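Chains as they are written, first to last, in UniProt numbering: chain A, 1 to 390; chain B, 1 to 390; chain C, 1 to 341; chain D, 1 to 341.
Cβ-Cβ distance ranges computed for the label pairs, FRET-style:
no., chain 1, residue 1, chain 2, residue 2, range
1, C, 7, B, 84, 31 to 39 Å
2, C, 236, B, 231, 39 to 47 Å
3, B, 143, C, 237, 33 to 41 Å
4, C, 237, D, 271, 48 to 56 Å
5, D, 271, A, 334, 25 to 33 Å
6, A, 182, D, 228, 28 to 36 Å
It should be emphasised that the hints constitute simulated quantities derived from the structure, not laboratory data. All figures in this text were calculated on a predicted structure; none of them were measured in a lab. Think of the CB as a built atom: it goes at the ideal place given N, C-alpha and C, for glycine as much as any other residue.
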Amino acid sequence: MRLDRTPQQEEFRCTLRAWLTEALPTLPPKPAPSDWPARRAYDMHWQRMLYDAGYAGLHWPADAGGQGATPTQHLIFLEETERAGAPYVGAGFVGLLHAGPTIAAEGTPEQRRRWLPPILRGDEVWCQGFSEPDAGSDLASLRTRAVRDGDSYVVTGTKVWTSHAEVADWCELLVRTDPEAPRHAGLTWLALPMDAPGITVRPLRTLAGTAEFAEVFLDDVRVPVANRLGAENDGWRVTMVTLAYERGTAFAGEVVACRRVLHDLARAARRNGRWDDPVLRRRLGRLNGEFTALWRLVQWNVSHAEHAGRTGGSSVPGAGASVFKLAYSGARQELYDTAAEVLGPEGALDSCHEWTAARLSSLSYTIAAGTSQIQRNILAERVLGLPKGR
Amino acid sequence: MRLDRTPQQEEFRCTLRAWLTEALPTLPPKPAPSDWPARRAYDMHWQRMLYDAGYAGLHWPADAGGQGATPTQHLIFLEETERAGAPYVGAGFVGLLHAGPTIAAEGTPEQRRRWLPPILRGDEVWCQGFSEPDAGSDLASLRTRAVRDGDSYVVTGTKVWTSHAEVADWCELLVRTDPEAPRHAGLTWLALPMDAPGITVRPLRTLAGTAEFAEVFLDDVRVPVANRLGAENDGWRVTMVTLAYERGTAFAGEVVACRRVLHDLARAARRNGRWDDPVLRRRLGRLNGEFTALWRLVQWNVSHAEHAGRTGGSSVPGAGASVFKLAYSGARQELYDTAAEVLGPEGALDSCHEWTAARLSSLSYTIAAGTSQIQRNILAERVLGLPKGR
Amino acid sequence: MDFRITEDQEALRRGMRDLLTARFGPEDLREAAAPPGPQTPPHGLDRGLWRELGKAGLFALRLPEDEGGAGAGLPEAVLVFEEAGRALLPGPLVATHLAAGTVPDAADGSRVVTALDLPQEPGAGEGPPAAAGTAPGGLVEHLDGADDVLVLGPARVRVLPPAALDADPLSSVDPLTPLHRLRARPGTGLGEGGQWRPGARRLRREAALLTAALQLGSAGRTVELAVEHARSRRQFGRPIGSFQAVQHLCAGMLVRSETARSVVYAAAVSEDEAETAAAALRADEAAVRNARDCLQVFGGMGFTWEAEVHLHLKRAWLRAEQWMTAVTAEEELAHALQRDT
Amino acid sequence: MDFRITEDQEALRRGMRDLLTARFGPEDLREAAAPPGPQTPPHGLDRGLWRELGKAGLFALRLPEDEGGAGAGLPEAVLVFEEAGRALLPGPLVATHLAAGTVPDAADGSRVVTALDLPQEPGAGEGPPAAAGTAPGGLVEHLDGADDVLVLGPARVRVLPPAALDADPLSSVDPLTPLHRLRARPGTGLGEGGQWRPGARRLRREAALLTAALQLGSAGRTVELAVEHARSRRQFGRPIGSFQAVQHLCAGMLVRSETARSVVYAAAVSEDEAETAAAALRADEAAVRNARDCLQVFGGMGFTWEAEVHLHLKRAWLRAEQWMTAVTAEEELAHALQRDT
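Chain A with its partners taken away, still in its complex shape:
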């Protein structure tokens, strides 16, 4: 059990920190949250800076154009960029963290050449077309149809909860190519160019009042067969290969950020006198204990993923990821509920206050990327080996 860094890790951190100190002041001002083209430009500018400095695709394999960094290096990267206040991955999220690794793992040489470099350079933005109005937790029930017609698939259906759809160049799309096959067996993965005729994007306002997501309507959209990743009807496996490519670093940067918010809360509470209320103070202490544990759980999961990677395994055990997501999503909600206590009504009821906005968006954490109920099912059945529920 070692928590100290190796000399190489320490060197990586120092170099990164030095670069961040120089690079961050050169960033343009942050765009307005509602200006999506400006946000894309900003995020891609940052991605290009990372690319030029040799940090793009840090965790991607070297043969896909990445840096082949270990999960621990990736963790250090997330920690340092968060501490330095660097931009988040933003519009590059799907390309860098999902579509890209999927293409790297399953694409033909030609597909890899076509799609991977623009992701790393910040030239092209990807979005994800998986969920549908009637296929949320039960993704495998998706109904968007793709019918083969010569060298193309003709795609019709509706996708929902698609982030950055308005500014994306590509969409990684999961479609049903064989309606007769069992649920998981008739799906196919396609790269959809977002400028193809027949696509309509309708922004969705979230309860926080912002347009983070969109619905994507597909009406006889033609997608070349060459844009298919893997075999026809093998899309479920293709998708899961990458979902399983979890190195324990998901949300790691956010945990660092939450710990900083906790310190800010303590400072704010001391300033407005609420620190003297032991109920609130002990609640903050309890949260500090919780986030301390979560941060160590991240390191634990990353170490195990790294070991698994070295020894030929490829994934952090499901236990680690689901335990972490369950605990973290609850802790994040509790953090911003506590922030409301620190602020008092005048701040907590002011939707312009960043902590109130964060409180609202924290509500999605027990829902998105697998509800807490689904995570508990996974733990019970796949990790604890309880008999399958009916």
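Position chains B, C and D against the provided structure of chain A, taking the given hints into account.
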């Protein structure tokens, strides 16, 4: 919405209170908790006093020898006896609250004559033989077999969680008479004399260290067919008729007692200085709010049961009973967890302290008489009308 | 004792429900809440609806009949406020109801009255009210839309024109309840003159209770919403309401709303201080936690602005900070444990 | 960074598990706990087992090799203490381990050492220690069975014979952990003489951490027990573990034990004050709440004395009051928020 008492109700209360003031000092000293024969004698003595004063079977119908009191009067009775520190129903529990009402509802005139008066007079004690080691939440899966042999049933099996089995004269027994029939359809209700040959009673120690329950082993025990209540294979309905005879008064006395304990906790906390800790003080305040609400919920349920009784209905709606049981069992556990905080380690870790003993026994409240999980199922499916789980 | 809703009370409640179904149903609610966003100023009050509410007796209910009221009591008021909470009706309902006997034309809905809860009553000529700063009393709802402000000191009460309050708007988290924050500046004139009258303590207790009734209505409504959704939404080939995880969320919501109901109704009958605190505490918790659980049952579907659920959560947050907060209620209830036995 | 259990550590852990499986398995635990009841005096310690534990290195583990130890660190100690907690091994394990370098013959299990946690160190000639009264430090476990008492003041530490403590037995809620309560009487002699030595602060932190490791072991064990039961117990024609209500209880237990594990192990490596507080807090909560949920999964079956479950709950209650309590841990962690950034 009226919370004040009618003149008749007020008179009932005054008369009862006056009687309690006179009667309670004449009680013998309380027996040791582990001396079951003495406990039986004490409880039956109290029952006889109630009988002589005209309070026995208060809520039983008049034609069964009871007083035909309304649920509100019963509530007043429970409130007043608890406030006065009168004994609980104790060993008379099954006879007065379950077996008796079942016999009153389903028995032949002869059966009613034989069994009801001794219950009211405190002459005979009943216990309940329903649960089995493999039939807990799923009572209908019980396997104790009864085979007809001439004028008798020959009964073989094991019953568990039987209170007062060591000192009972009779056991209301649910047995399987038709193993071929669907689960609920092959059961029969029998009155088992506890001195019949073939019965072995083994006391069970609970986690609180006391012997509150017993296992009852039945080995070819002969029970006269005349002891059968209702028809053969109709035992499930017979049993449920009485379980549905719930007037909202279950646990009502306990809620009164819990509210008294809350005041005692506040007094103890002020004495030992822990009252000055706002975390504890506010927790006590919150509990006060919870038990205030629970007490009003009891009155709400009782009023509705009373109205249903007047208008031909017979039961408090399932919602009321399950909502109350869920909320009360949790609140009681929280009460005694808070008591441990008030006491501090020296009291909370002392098993002789009454609050520590109560904390241990409170653990059964989310399990006995339908686990909280079963109660939630009932609310979801029968009250809210959600589709049946599979 | 007959702790049930009488037939007259039921008729009153049903009248209010019918009115609100017709005039402020879920579609109207959604429409009123759109367009959203911190950039968009919140909608003003619907004066026509306000007058209809007045005509239906929402404000005059407890006035004597010779003053145009119905001579009803707090239990009746609680029932109609529960309906208002169920519909998530916006506006300073509690303040206008409490002002009905005091402010001319408030009773029939011709005037809109909001309220300011002052923890400290300013003496004449003294500095700014203590409300400004961090206390909840520093917030006033619907100040721009109101004709009068009912100012409650700890013991005494007065009425002021909205312009007398030196306050800044803030971007309210509840899109249908605009808020102003009092500025801490001397010379606002709140304490001047001799118009302070007694009776604030009773009004404050009634305000807490009626707010609890609003919360109770919202808590009951989110149970309905969750159950409706769980019945109709299918995943994995069956309604999600057939999964125990969802069933038990809904059952827990019902437990919260029904225990809150018993104590809110009882406090309306008993008019007891501590019981009102219990009602506020339980109803606030039921409204907030039910809305959150309802969101969880809705999953992604509830996370859009168009869904009604988030409006319940935001209103519940806001109402929980009005009048009697959890801290005050818990301390009051702790205090009561010493008082009576 | 390689935050995993090394092969050597795993071998050490497995050795302790094998020893305990052979010498103090579930059957031995049940037997040790019977007969029960407040009337029956709790069992003494098994001196033979104690010596075997000593031989296996449970106490000497962290002593230098030339003092008969293994020269191991806190991480190794945490792993073997986790195993002890898993088996619910009774006895003053933490105190004897901490005393191994100080009290002759403690290291090899020949002597049993218990501890007294004094919030205030008495000056020579002063009155009674402040421990007596309501503070948790007023309780001593296994006083009758111990040969020595390690007394920890806030900064300094000393060793006393058990007879030097003026204490009354109480009826411990944990049948396998007898307790004495210090009497508040002057002249007990705790502060006399010059035998106080420095180092209490480190020992107290280590005691909190090793106690957390015991709790972690118990929390993990109750997950196993619940899962085993849920797999085998059938109701309604299927294993109860196929019901989501039971599945989700078990999943919640796993989340508690695994988050506690990460911070308990990390605190063993970092030896940080605040991280130790976090470890104590999370492990206490995991042990107590897992034991309660395990009881719920067991239903009536877990409510008998013979079931192992209640022993976990009672021990967890007791350990939660030893060394670092929740209040202290939360205040320490709040304090830490001001300190570092």
